[in-house]
Amino acid sequence: MATLELRGIKKHFGSIHAVDGVDLTIAEGEFLAILGPSGCGKSTLMRMIAGLETPSAGEVLIGGQPVTHLPPRARNVSMVFQSYALYPHMVVADNIAFPLKARHVPRAEREAKVKWAAALLGIEPLLKRRPARLSGGEKQKVALARALVRNPTLFIFDEPLSSLDAQVRAMARSELRQLHDRSGITTVYVTHDQLEALGMGDRIAIMKNGRVRQVGTPQQLYDQPADTFVASFLGTPPMNLLERDGRIVGFRPEYLRPASASAAGADALRLKVRIIELEFLGAEWQVYGQLENGATGQKLLAKAQPAVAAGLRVGEQHEFAVAGAHLRYFDSATGLRIANGAH
Amino acid sequence: MRLLRRIGFWLALGLFAIFSIFPAAWMVITSFKQDQDLYNVANNPFKYNLAPTLHNISFLFTGTHYPIFLWNSFYIGVIVVIITLLLSLPAAYSLSRLVGRWGERSGMAIFLVYLIPPTLLFIPLYQIVTFLKTANTDWSLVLVYPTITVPFCTWLLLGFFKSMPRELEEAALIDGCSRWQTFLRVALPLSLPGIATCVVFAFALSLSDYIYAAVFVSSTASRTVSAGVPTELIRGDIYYWQSLMAAAAIVAIPLAVAYGLLFDRLVKGFQNEPAGEKAG
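If you're matching them up, the sequences are chains A and B in order. Residues 1 to 343 in my numbering are what the first sequence lists, from first letter to last. Residues 344 to 623 in my numbering are what the second sequence lists, from first letter to last.
Hints listed in this document are in silico derivations from the structure and should not be mistaken for laboratory results. If you're wondering where the values come from, they're calculated on a predicted model, not measured in any experiment. Please note: incorrect hints may appear among the correct ones.
Label pairs and their calculated CB-CB ranges [what the hints assert, rightly or not]: (1) L61(A) <-> S449(B): 35 to 41 Å; (2) E111(A) <-> S449(B): 41 to 47 Å; (3) K128(A) <-> P508(B): 19 to 25 Å; (4) K505(B) <-> Q305(A): 55 to 61 Å; (5) K128(A) <-> G603(B): 26 to 32 Å; (6) K115(A) <-> K505(B): 34 to 40 Å; (7) I361(B) <-> E111(A): 53 to 59 Å; (8) L346(B) <-> S163(A): 45 to 51 Å; (9) P573(B) <-> R103(A): 55 to 61 Å.
Listing some non-contacts, in silico: residues in chain A with all C-beta distances to chain B over 10 Å [said to hold, decoys possible]: (10) D23; (11) S38; (12) A85; (13) A102; (14) A112; (15) P125; (16) E138; (17) A266; (18) V308; (19) G335.
So the derived list for chain A, only partly shown, Cβ under 7 Å to chain B, looks like this [stated by the list, open to error]: (20) A50; (21) L70; (22) R73; (23) S83; (24) H89; (25) F98; (26) P99; (27) R103; (28) V105; (29) P106; (30) Y329.
All C-beta atoms, glycine included, are put in the ideal place defined by N, C-alpha and C.
Please build the complete structure, drawing on both the sequences and the hints.
So, in C-alpha cells, the structure goes:
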C-alpha cells in the first residue's frame, strides 16, 4: 500500500506524443480510474507505471520512492491484463503461485497463499484446471488471484472487464470494488468504459491526446466538467452543447424539460424545440429534438419522465427550458469552462 | 448406403496403406533373404522361397564398419541438434522481439540462406573446412550441418515466438521475473512444439545428408550411415543388397516410428501453435 505520484510524465514514439506531460497524485488506498477514448495515451501511461515502458521525461514515484528507471519486478506492482495473460502451460494453482515462485517464497507459504487467494475469489474448484478450460469470468478471477497473492503495493488494471459478457460485467464490477475496499491496495484502473469509471472510481482522470483533461470525483466530473471534451465524453447521453452569444452553453439532457413542466426561474435558458423522435427506455423517455430558434437545426437531447413524455408528440414544437443553476458555460475558442454568468 | 460408404473408405485407406508401406516392407523382406532366393528371377520377390536368414545382418555388424557409422551418425546428430537449438532459440527470440520491420526482414533473409542448395555450397564450404583443419574428420560435419539447420529452425521458431502474446511475457516481468527468467519460464515452455520440430528436423537432416558426408569425410572410420553404407556395401559392381536394405531399415524404421508418435506435435510446430493453448 502506497501513494503513486506521476511528475511531468512524457512518452514519445518518434514524432507521436503518446503521453504529453501528465501530473497525477494518487493517495494511499485510493481507487483512481483513468478514462479516455482509445488512443488517448492511457495504456502507455499505465505501462510506464508498471515499468513496461520508460518515460521520455518525468518521474514515477511509488510510496515516495522514485522508480522511473526500475524494472517491473523491482516495483512490487500487480497488473491484471485485458486478456488476463494467464500462462497457458500451467494449471490455475501454478498460475497463482507464479509471482511467489519468482520471488523464491518457500513452498509451504506459497501453497497457503494460493489457498487464501483462491478462497477469497471462490475459485478453489478450479485450481487443477488449465486456463484454456476456464470461462471468461473464471479467467478474470484467476488473474485477480495472481495479482493479489503477493500483497502488491499497487494494483494496475488494464480494462479487465472488457472481454466479459455484459451480464457478468456488472457483477464483476462490484466484486472488484469490494476486493479493493477489503484489501485497501492503491489501485489504478484504466478503462474506456465510463460506467466502470463512474461506478468504481474514487476519482477519475479523463485523458485525451496524451494529456489529463480533468481529475476529480465522478460527481465533480459529471456536474462541473472542466471543458467541452469532458462534457461531451461523460454521461450517456452526453451534455448538450450550444453556441450562444459567443460562448458555448452546456446542460445535461435530464435538465432540459418542457417549459410547462419545469419550474425554471427567470434565469432559465428557453429554447424552441421541434421533436424528431421519442425513444422509450423503460423508466424514462429519451427525446430527440431540433432547435428552432438560434442555431436552427442543431440537435438536442432530453430525458423525460413518462408523465411528461405523455404530452409530447413527434413533429410538435414545444418550448423547453433549463434552470439557470444547471447551465455550464465554456469558452468557444478553447473549450475551457468559464464561471457561470461571466461574459 | 452407409455400409457401402464404409467399405469404400476402408478400401481406399487399405490401398493407400499398402502403397505407403510397400517400399519399407520390401526392404525388410529383402534384408532376411538368402542370395539364392534373391537372385533367382523366377522367385516371387515378396515372399521367402527359401528359409529367411540373419546372415546379412550379422555380416553388416561384423564384416563392415556399420556400427561405427551408426555411432557417428548418432553423435553427430545429437551435437548438431544441440548447436542448432543453442543458436536458433536466442536468435529467433531476439528477432521476434525486435521492434519495427527489421525483425521480420532478417527472418526472411535467414530463411533465404536455407534455400541455397548444398550442391552449390559444398565447394566453398570445403575450403572453409580445410582452413579450419577439420577436413576428413566428423567435426567437419558437426560444423557444416548447422549452416542448414540453424537458418531453418531460426525461421521456424521466429514464427513461433511471434505468435506468442507479448502480454504473457509482460505479465511474467511484472510477476517478478527478469528477462532471462521470462524466456526460460514462459517463452521456452510455450514453444516446446516448435523445439520438438527443430530437434526432429536437425537430427533427420544430419542423418540423411549425403553430399557433405561423402565429400568432406573420406576415412571410413569417420563416415556416417548415409555416406558410409553405400561405399562399404557396394564394392565395384557387387551390391550387397540384403545388407544394404538392412542398413537402411535399421535407421529408417525407428525414425519413422518416432515421427509417427510425434506427429501431432510436429504439425503443431509447423502451425506455430503454442503449447497448452488448446483445451485438453
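> What are the numbers of the hints the structure violates, in ascending order?
Replying inline: The structure conflicts with hints 12, 13, 21, 28, 29 and 30, although it agrees with all the remaining ones.
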